[in-house]
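**Q** Residue numbering for the sequence shown follows my numbering, beginning at 1 and increasing consecutively.
Worth double-checking, as some hints may not be accurate.
What the hints assert, rightly or not - Now the in silico label distances, taken between C-beta atoms and shown as ranges:
no.	residue 1	residue 2	range
1	Phe116	Val195	18 to 28 Å
2	Gly170	Leu56	57 to 67 Å
3	Asp136	Gln48	19 to 29 Å
4	Cys24	Ser196	15 to 25 Å
5	Trp153	Arg130	17 to 27 Å
6	Asn16	Glu59	18 to 28 Å
7	Asn66	Gly110	12 to 22 Å
8	Ala175	Lys58	45 to 55 Å
9	Arg205	Asn150	15 to 25 Å
10	Glu59	Ala175	50 to 60 Å
11	Glu36	Val195	32 to 42 Å
12	Cys24	Gly110	20 to 30 Å
Just so you know, these hints were derived from the structure itself, not from any lab. These numbers come from a predicted model, not from an experiment. Backbone N, C-alpha and C fix where the C-beta goes; we use that ideal spot for every residue, glycine too.
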Amino acid sequence: MCTRTGYYGFQTSGKNDIAWQRFCRNGPIAYLPLTEKLSSLVWTTSTQEAQRLVALPKEEFVDELNRNMFTEENQNDCVNKLLFSFSKMPFLSSDIRKALLPPHVVGLQGDTRAAFPLGFGHSHTYAAPRCVLIGDAAHRIHPLGGQGVNLGWNDVMVLDQVLTRAVSDGADLGALTYLKDYDSEAQRHNLPVMVSCDWLNRLYRTNAAPVVMLRSLGLAAFNRLTPIKVPPVEILALFLT
Numbered sequence: 001m002c003t004r005t006g007y008y009g010f011q012t013s014g015k016n017d018i019a020w021q022r023f024c025r026n027g028p029i030a031y032l033p034l035t036e037k038l039s040s041l042v043w044t045t046s047t048q049e050a051q052r053l054v055a056l057p058k059e060e061f062v063d064e065l066n067r068n069m070f071t072e073e074n075q076n077d078c079v080n081k082l083l084f085s086f087s088k089m090p091f092l093s094s095d096i097r098k099a100l101l102p103p104h105v106v107g108l109q110g111d112t113r114a115a116f117p118l119g120f121g122h123s124h125t126y127a128a129p130r131c132v133l134i135g136d137a138a139h140r141i142h143p144l145g146g147q148g149v150n151l152g153w154n155d156v157m158v159l160d161q162v163l164t165r166a167v168s169d170g171a172d173l174g175a176l177t178y179l180k181d182y183d184s185e186a187q188r189h190n191l192p193v194m195v196s197c198d199w200l201n202r203l204y205r206t207n208a209a210p211v212v213m214l215r216s217l218g219l220a221a222f223n224r225l226t227p228i229k230v231p232p233v234e235i236l237a238l239f240l241t
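All chains, please: the whole structure from these sequences, using the hints.
**A** And the structure:
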């Protein structure tokens with residue numbers, strides 16, 4: 001279940017220009033900046049917890065939100081010791097920038113809270129004669145990193161390219177020959193992203209010590225190995241825009 005809200009007021013030490021996402025045990029919390037002092041929120045959690053959060057008074061809801069964003073959850077001592085030892089290895093970069101912290105929520109603008117069930121689905125085809133599916137009509141994924149809307153934008157971009165080719169060829173815009181090209185090109189892009197988001201969500205929702213250890217070591221290595229860190233971050237930035 002996902003609790004989605006409209007606008008939140010934030011207290012920040014600088015510009016509100018960073019999207020934040022924290023993976024909690026019940027699901028991720030994500031902030032998307034809208035203006036210098038306002039952001040939108042998507043909070044994924046269990047059905048019962050979502051119902052409780054929506055029913056809370058606004059002030060208590062904001063307190064609960066800040067607590068979940070800033071409170072450290074119980075951690076595995078064995079994993080922490082291994083991470084500490086790993087961080088002392090000489091081949092790891094010591095050039096670590098000052099850790100950034102998410103903004104502190106100071107209030108809810110109006111009461112725009114709503115809850116809706118999560119789902120994962122995909123149409124086996126996006127095209128039929130004179131008809132196509134785009135965006136949420138064609139696919140539905142877990143709200144991670146805004147990838148749902150990015151997939152929809154990609155559908156529009158691919159469809160625009162396909163229809164442009166049809167116009168250049170003097171063909172019927174609704175011809176299935178061209179719409180099938182949209183179908184195959186869009187699915188070739190969308191399916192790997194959808195599977196990756198689902199895998200990432202499952203990876204962060206488990207508390208199994210071996211998985212937590214491997215996950216933590218992988219992220220720690222990625223964060224400390226500067227030579228391999230920059231290219232993937234640049235690729236991700238291009239992918240998310």
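**Q** Please flag the earlier hints that this structure goes against, numbers listed from lowest up.
**A** none
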